[in-house]
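Chain by chain, the residues run as shown.
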Amino acid sequence: MGNVPNAVKHCLSYENLMGESFRLPSSFQEKKWPEVHKFPDFVKIVEVGPRDGLQNEKEMVPTEIKIQLIDMLSQTGLSVIEATSFVSSKWVVQMADHNEVLTGINKSPHVRYPVLTPNIQGFQAAVEAGAAEVAVFGSASETFSRKNINCSVEESMQRFEQVICAARQACIPVRGYVSCALGCPYEGQVHPAQVTKVAKRLHELGCYEVSLGDTTGMGTAGSMAAMLRAVMAEVPIHALAVHCHDTYGQALANILTALQMGVSVVDSSVAGLGGCPYAEGASGNVSTEDVVYMLHGLGIQTGVDLAKVIEAGDFICRALKRPTNSKVSQATSRSQPSFNMCE
Amino acid sequence: QVSLSGLKPLPEKVKIVEVGPRDGLQNEKTIVPADVKIRLIDMLSEAGLPVIEATSFVSPKWVPQMADQEEVMRGIHRKPGVSYPVLTPNLKGYRAAVKAGAMEVAIFGAASELFSKRNINCSVEESLQRFEEVMSAAREEKVPVRGYVSCVLGCPYEGSVSPSRVAEVAQRLYSMGCYEVSLGDTVGMGTPGGMAAMLEAVMREVPVHALAVHCHDTYGQALANILVALQNGVSVVDASVAGLGGCPYAQGASGNVATEDVVYMLHGLSIHTGVDLPKLMDAGSYICRSLNRRTSSKVAQASCKL
Numbered sequence: 001m002g003n004v005p006n007a008v009k010h011c012l013s014y015e016n017l018m019g020e021s022f023r024l025p026s027s028f029q030e031k032k033w034p035e036v037h038k039f040p041d042f043v044k045i046v047e048v049g050p051r052d053g054l055q056n057e058k059e060m061v062p063t064e065i066k067i068q069l070i071d072m073l074s075q076t077g078l079s080v081i082e083a084t085s086f087v088s089s090k091w092v093v094q095m096a097d098h099n100e101v102l103t104g105i106n107k108s109p110h111v112r113y114p115v116l117t118p119n120i121q122g123f124q125a126a127v128e129a130g131a132a133e134v135a136v137f138g139s140a141s142e143t144f145s146r147k148n149i150n151c152s153v154e155e156s157m158q159r160f161e162q163v164i165c166a167a168r169q170a171c172i173p174v175r176g177y178v179s180c181a182l183g184c185p186y187e188g189q190v191h192p193a194q195v196t197k198v199a200k201r202l203h204e205l206g207c208y209e210v211s212l213g214d215t216t217g218m219g220t221a222g223s224m225a226a227m228l229r230a231v232m233a234e235v236p237i238h239a240l241a242v243h244c245h246d247t248y249g250q251a252l253a254n255i256l257t258a259l260q261m262g263v264s265v266v267d268s269s270v271a272g273l274g275g276c277p278y279a280e281g282a283s284g285n286v287s288t289e290d291v292v293y294m295l296h297g298l299g300i301q302t303g304v305d306l307a308k309v310i311e312a313g314d315f316i317c318r319a320l321k322r323p324t325n326s327k328v329s330q331a332t333s334r335s336q337p338s339f340n341m342c343e
Numbered sequence: 344q345v346s347l348s349g350l351k352p353l354p355e356k357v358k359i360v361e362v363g364p365r366d367g368l369q370n371e372k373t374i375v376p377a378d379v380k381i382r383l384i385d386m387l388s389e390a391g392l393p394v395i396e397a398t399s400f401v402s403p404k405w406v407p408q409m410a411d412q413e414e415v416m417r418g419i420h421r422k423p424g425v426s427y428p429v430l431t432p433n434l435k436g437y438r439a440a441v442k443a444g445a446m447e448v449a450i451f452g453a454a455s456e457l458f459s460k461r462n463i464n465c466s467v468e469e470s471l472q473r474f475e476e477v478m479s480a481a482r483e484e485k486v487p488v489r490g491y492v493s494c495v496l497g498c499p500y501e502g503s504v505s506p507s508r509v510a511e512v513a514q515r516l517y518s519m520g521c522y523e524v525s526l527g528d529t530v531g532m533g534t535p536g537g538m539a540a541m542l543e544a545v546m547r548e549v550p551v552h553a554l555a556v557h558c559h560d561t562y563g564q565a566l567a568n569i570l571v572a573l574q575n576g577v578s579v580v581d582a583s584v585a586g587l588g589g590c591p592y593a594q595g596a597s598g599n600v601a602t603e604d605v606v607y608m609l610h611g612l613s614i615h616t617g618v619d620l621p622k623l624m625d626a627g628s629y630i631c632r633s634l635n636r637r638t639s640s641k642v643a644q645a646s647c648k649l
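Sequence lines, in order, name chains S and X. Under this note's numbering, the first residue of the first sequence carries the number 1, and numbering increases by one thereafter. Under this note's numbering, the first residue of the second sequence carries the number 344, and numbering increases by one thereafter.
Isolated chain S (complex conformation):
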């Protein structure tokens, strides 16, 4: 999610709920979907809190706090931590300190620190600051693309092609994102074919992984399964990730569905940082703690130490002076001593 003007804060979602358009046509629905015989043994978590999370928090966070957050996260076992965004600071003030953050963090040899690079200028600045991996953000919705980054989807792809080309030359891997994969705050429903088109393009251009984002959080398990089925026909499953928002409380159910379809990469944000710009007071990113709790409960390995993530979450919430959005964190901080869920 990016540079949405503050003006867009009306409750689009409520209007959706009131209208008939809420129910997806049956072609968008799946009623039975496990595609694989068992869950993956290992799921890679891509931690987006320091970038996607903080970017959508109102409170400005000083550079040293961002650095400390990332350093704490580097000790939790997470293997990918999205560190910052090389976008113009006039659009995203929170990310103005991208150089200082990227050069200031204590990079662990076991962790990758991708950064967002919306265009070639951003890419070059990122490389100069030591970035070893970058990410580009496409959209499955035309309207969202125009309102968010001021250009059509096609124009954005051309911009990304430049970035990916330069990245290939510099041997820098590129991750692609597709926004509005399960719905758009402006267009409403998004056809799985639109998502497939953009995901395929990003993959063919050279993105090693494509993260499919439920930007408004309006998706449900059926629409997740239908969208994945369409995308999987064109992009290999090992190159897909899901980026679910919890604005309607659906994230974990949607992630579970994705796992049942064979996806094994999940984006999440420590403490559920990052509210939704489209619905005031609503939540946005799903909490890493809650995702890890579910995965571990399923016997799926993540390499992540949940207790340490909770600590990092507590740290950033104290700095932001806001309560955590993670239910696991809320429950463990107040539970009886006989009841330790971090085992």
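No wet-lab data here; the hints were simulated from the structure. Please note that the accuracy of each hint is not assured.
Said to hold, decoys possible - Quick list of the computed label-pair ranges, beta carbon to beta carbon: (1) X:Lys372 / S:Ala319: 28 to 36 Å; (2) S:Thr143 / X:Pro550: 46 to 54 Å; (3) S:Glu155 / X:Ser503: 50 to 58 Å; (4) X:Arg636 / S:Ser333: 14 to 22 Å; (5) X:Arg461 / S:Asp305: 25 to 33 Å; (6) S:Thr143 / X:Pro423: 42 to 50 Å; (7) X:Ile374 / S:Asn99: 52 to 60 Å; (8) S:Trp91 / X:Glu501: 50 to 58 Å; (9) X:Glu468 / S:Pro109: 54 to 62 Å; (10) X:Lys372 / S:Phe42: 37 to 45 Å; (11) X:Lys372 / S:Ala170: 55 to 63 Å; (12) S:His238 / X:Pro403: 53 to 61 Å; (13) S:Gln121 / X:Lys372: 49 to 57 Å; (14) X:Ser402 / S:Asp305: 44 to 52 Å.
Don't be surprised by glycine CBs; every beta carbon is placed ideally from N, CA and C.
With chain S's structure known, arrange chain X on it following the hints.
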């Protein structure tokens, strides 16, 4: 590791059992007057919910929130086709309930011994014997009885609970005459794998059409657990409007899953519930204003119905 083969297609219809006015309010600190409870129940009836747990005939010295049980039962407007079950922990409560006009009752067993002892001061076996008395009377008077099993995915005192133990208690309640058995993840610690394993064990003893799930969202796992339950053939889901009812075992943590969020998921899956979501959200806003608290429903928050 959980096997994914053998998961069924999702049901066409799901019956929602709304527990907000009882389970929800019972676990809210603020005492709410009878007329507010009555208004809430009436709004829920208008929202299309087929079952609304109205109150509890337990001694008011244990549960002051439910002290106005008779007044609530007499005051609600009963919509035709809607059931209003009430909790009856023993024969005395049952008699009072029937006298106040109750036409369906519910009894609560536990899959954990320690929980039973700490919660209702007797062993699981003793509680089942107590329920036999209620069942006997209910059978004679043709009053349907719903059974609940607590701690099906873990206990705040014992920790993990074996699926076979849950199956044993569920089977007892069912064979005693409960038309439906609701399996409750009391502390919300369960995850989808545990849910699937527990259901597999219970379904060997109780037919799936007689099973319901009562998931708590204390660890954010409720909707994922409910989804897995549906994939295993369950088609009755308990939920609480606005997610009323915190968790008594982890202060400040959430408890019941919000009905709005469950309905959103089910409707998104084209599963019929009969529930009018905007009207449900109105009921949620109403009770939150009365309780002077924010909703726990994410759907309500997203729709600015804080």
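>> For a quick check of understanding: which of the numbered hints are violated here, in increasing order?
In response: The structure breaks none of the hints.
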